[in-house]
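Enquirer: Given next are the chains, with one letter for each unit.
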Amino acid sequence: MSEHTVSAYDEELTAMAGRIAEMGGLAEKAFADAVSALVSQDLELARATIKSDERLDALYHDVEAKLIELIVRRQPMGQDLREITAATRIANDLERVGDLAKNVAKRVIAIDSDLKSKKLAIGVEHMTELALSQLKQVLDAYARKDAEAARRVQEADAEVDAIYTSIFRELLTYMMEDPRVITQCVHLLFCAKNIERIGDHATNIAENVYYMVTGERLPEDRAKVDETGAV
Amino acid sequence: MTDTTLTPPPGNANAPAPRRIRSILELDPLTKRRNAAEARFKLYGIVAISIGLFFLVALLWAILSNGLGAFSQTFIKVDVPLIQSQIDDAEKSVVKTSKYRAIIDEAFAKELAGVNIATDMSDKDLQKLFSSGAAATVRDFALANPDRIGTTVTFDLIASSRVDGYLKGRVEREDLAEDKNLDAAHLDLADQMAEAGILEKRFNWSFITGTDASDSRPEQAGIGASMIGSLFMMLVVLFLSLPIGVAASIYLEEFAPQNKFTDLIEVNISNLAAVPSIVFGILGLAVFIQFMHLPQSAPLVGGLVLTLMTLPTIIISTRASLKAVPPSIRDAALGVGASKMQSIFHHVLPLAMPGILTGTIIGLAQALGETAPLLLIGMVGFIASNFPDGVAAGFFAPNSAMPAQIYEWAKRADPAFYERAWGGIIVLLVFLMTMNIIAIILRRRFERRW
Amino acid sequence: MNNMPNFEQANTMTESKISANKVQVYYGDTHAIKDVDIEIQPRSVTAFIGPSGCGKSTFLRTLNRMNDTIDICRVEGSIKIDGEDIYDPKVDPVQLRAKVGMVFQKPNPFPKSIYDNIAYGPRIHGLARNKAELDEIVASSLQKAGLWEEVKNRLDEPGTGMSGGQQQRLCIARAIAVSPEVILMDEPCSALDPIATAKVEELIDELRENFTIVIVTHSMQQAARVSQRTAFFHLGILVEEGLTEDIFTNPKDKRTQDYITGRFG
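Protein chains in written order, with our numbering: chain A, 160 to 390; chain B, 3 to 452; chain C, 891 to 1155.
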């Protein structure tokens, strides 16, 4: 893509992309740390994660303000217009990811004991890996403006949903077996839900990236494999 | 504020040269030189204008001092009894005017006696105080007013040009030493008559309304006839050159295609404006008089020749005015659905009118003052002695133009004619100024602000 | 962008008002407009955008044969209004221009009174039988142009004595007075301040109910605000044409994209 005649415009767009990338990095780290704290019951890490969300929020407000400035100053058209509106939504999604990670970290402190079963831990970690990889890939797709990569991220969400459904079932069985673990399991359930939401946010970002690059919407009827409603 | 210098950091070969910071309250040498040059230029301008003004003033002074005299004339008041028998006698004789002279002489002698002016000059000598046309004046009156015969009529008879000149200071006693008409005694008599009130200078209407007179009667010469001649010529020029010139310009400006032929026409029109006017006279002689057999010396022919001369001026100024109308007006008219003709006549022409009028008046003023083209068609040589009767005669009867008349007078030896030549110039200038004022008024009326 | 409710999409299916096919325009030997095909829809605003010298004004002027006034200009191809070829030898351009009016970049009211400015067109086309009818036409044109309240008490004052924005609206009223079907506007707001521009844009929005409007503009934001369809011209070629929101959010041609995002030159 050739450059804008007014070079300051290009600089502003690059700076904006940089900030989004920074937000992405912070969100990824918060997510990974929160789950790691959950699996290893590391309360220190959990507290640190909660604190780091402040920085992400501040960055989000900064990005919002700069985006509005861009609209006022540059009256963007075409590709630039889609880029800027997409960036607004992506920043919003990343901020939500950060909040969800913070939520998980809070629950770590609330659980404050070992995870009941190894299987559960593996399940949670596996889901996290997938969701993290989704997040990484979609942020990469955003940086490279790669619509195809964004589409693949959207399709990968099915697997995350599947794992969530199985964890849901497992926790239910534990709760039915032993009422004393209900508190722990409910917290765990919420954490799993949060991780699944993070996957959904990554999918949202993917849809926005796709729209930004091509100007068209991804087909709405992606496979929704969250069958928890049927349990 | 003092001058400060910025010193570059030491050892920095690429630093910019130190700049002196000057106060704007101090003029630098370049500005001073420029201001001096501009002041000198303004001075040159003023000097140039002063020279121009000086000559203008000199011109006006010369004209007025020499010419105003023509507007006044010395008259002698005589009570002449019109006796039927004397008049009948006079009519019967062959040289009628001599009899009338005798009547005047008698009356004059009585009058002198009546105001106690003693003289020992003979009647014949006394006659010389009067213009040679005085007798004709009395005769014309008697014939025109038979009902006044039998009464005594007070006539204001024109004095001879020598007496007139004496009263105007043109003629000194020494000049008359060689004169065979008058001598010092006449002048003394004149002084006495002036004191008695029967000799006085009055405004000379017949200068403006009268016709030219023969060499011996400069006091009766007037510019009236040639004014009529000029007027008819100007009418011809106006009614021919304006429509033709404007139509030609509109065609050239709006309709003519851009090719070599049109360029050729344009170049030739500009050149025609510079052709010496006498060439048009030759053209007029060949075409209008020899080929078309129009009457010689007629204002119609003079008008036609001057039309040819004025056309290039009008075409050039009209084209310039048409070009000056902004194309946005034409576009606007076309955009509303006007045809090209409609846009020209309803919008472009009214806006160009001030310029066209100016050009026309300039052209007319030039034509008014031209003598050379009239040379060859006869209007210079011919001097009318009576007014044309009727409008048709006005165009076709031989006449002359004002500049021609002035030239004629200037040629004659008598200083009285010389005075009248200057007077004629004043009348010509008044004409020109009137035309210019009309042009300014018309231009104001048509002026629009875009 | 104008909020077009979906049922207006059907408009593009009705017959075009102006139909241009393989239009070429030559200035002497220079091929200024090449192979332009475009359909202009009735009762809507179509915007022509493009960099300077791309031929949008030239093409606009072919629509009412204003190019006829330029000797070296030659037009080939067919341009049909309501199915009739306007370059047919039987057509009198003067009559055509009563049907297709024009408003120019610099407001150019006649140096006459406001009344005479508006009345001139109807007079020469014989649209009014008497003074009363003429008064009616003048009043209604000024009302449609949104100028009536401002000038109704000073119809005798010169048209040139108003502000730029008012003069331009006067020119629009003048164009409307002859009841054209199409109004061509060549950068009508480029000489006006933002408030006057907004008033003219509001006027254009109202006018499109009754007239077909084609507007050439340098401002993409104006094209986006005012038009339903936009055509992008570049170097004498019609690069892309379509619904305004499509052109400005997701153009198909890279040249269009580059132009609207300011990546040209």
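Honestly, I wouldn't trust all of these hints.
Cross-link-like lysine to aspartate or glutamate pairs, in silico, EDC-like; alpha carbons within 16 Å at most [stated by the list, open to error]:
{"#": "1", "chain 1": "A", "residue 1": "Lys277", "chain 2": "A", "residue 2": "Glu228"}
{"#": "2", "chain 1": "C", "residue 1": "Lys1002", "chain 2": "B", "residue 2": "Glu255"}
{"#": "3", "chain 1": "A", "residue 1": "Lys188", "chain 2": "A", "residue 2": "Asp212"}
{"#": "4", "chain 1": "B", "residue 1": "Lys342", "chain 2": "C", "residue 2": "Asp958"}
{"#": "5", "chain 1": "B", "residue 1": "Lys342", "chain 2": "C", "residue 2": "Asp982"}
{"#": "6", "chain 1": "B", "residue 1": "Lys342", "chain 2": "B", "residue 2": "Glu449"}
{"#": "7", "chain 1": "A", "residue 1": "Lys265", "chain 2": "A", "residue 2": "Glu162"}
{"#": "8", "chain 1": "B", "residue 1": "Lys262", "chain 2": "C", "residue 2": "Asp958"}
{"#": "9", "chain 1": "C", "residue 1": "Lys1144", "chain 2": "A", "residue 2": "Glu329"}
{"#": "10", "chain 1": "B", "residue 1": "Lys342", "chain 2": "C", "residue 2": "Asp961"}
{"#": "11", "chain 1": "C", "residue 1": "Lys1142", "chain 2": "A", "residue 2": "Glu329"}
{"#": "12", "chain 1": "A", "residue 1": "Lys210", "chain 2": "A", "residue 2": "Asp239"}
{"#": "13", "chain 1": "C", "residue 1": "Lys1144", "chain 2": "A", "residue 2": "Glu187"}
{"#": "14", "chain 1": "C", "residue 1": "Lys1142", "chain 2": "A", "residue 2": "Asp201"}
{"#": "15", "chain 1": "C", "residue 1": "Lys996", "chain 2": "B", "residue 2": "Glu255"}
{"#": "16", "chain 1": "C", "residue 1": "Lys980", "chain 2": "C", "residue 2": "Asp961"}
Hints are computed from structural coordinates only; laboratory data are not their basis.
Enquirer: So, for every hint listed, does it hold in this structure?
Expert: Each hint, compared with the structure:
{"no.": "1", "hint": "A:Lys277 - A:Glu228", "result": "50 Å, violated"}
{"no.": "2", "hint": "C:Lys1002 - B:Glu255", "result": "23 Å, violated"}
{"no.": "3", "hint": "A:Lys188 - A:Asp212", "result": "10 Å, holds"}
{"no.": "4", "hint": "B:Lys342 - C:Asp958", "result": "11 Å, holds"}
{"no.": "5", "hint": "B:Lys342 - C:Asp982", "result": "12 Å, holds"}
{"no.": "6", "hint": "B:Lys342 - B:Glu449", "result": "23 Å, violated"}
{"no.": "7", "hint": "A:Lys265 - A:Glu162", "result": "46 Å, violated"}
{"no.": "8", "hint": "B:Lys262 - C:Asp958", "result": "21 Å, violated"}
{"no.": "9", "hint": "C:Lys1144 - A:Glu329", "result": "54 Å, violated"}
{"no.": "10", "hint": "B:Lys342 - C:Asp961", "result": "14 Å, holds"}
{"no.": "11", "hint": "C:Lys1142 - A:Glu329", "result": "51 Å, violated"}
{"no.": "12", "hint": "A:Lys210 - A:Asp239", "result": "35 Å, violated"}
{"no.": "13", "hint": "C:Lys1144 - A:Glu187", "result": "35 Å, violated"}
{"no.": "14", "hint": "C:Lys1142 - A:Asp201", "result": "53 Å, violated"}
{"no.": "15", "hint": "C:Lys996 - B:Glu255", "result": "24 Å, violated"}
{"no.": "16", "hint": "C:Lys980 - C:Asp961", "result": "19 Å, violated"}
In summary, the numbered hints that this structure violates are 1, 2, 6, 7, 8, 9, 11, 12, 13, 14, 15 and 16.
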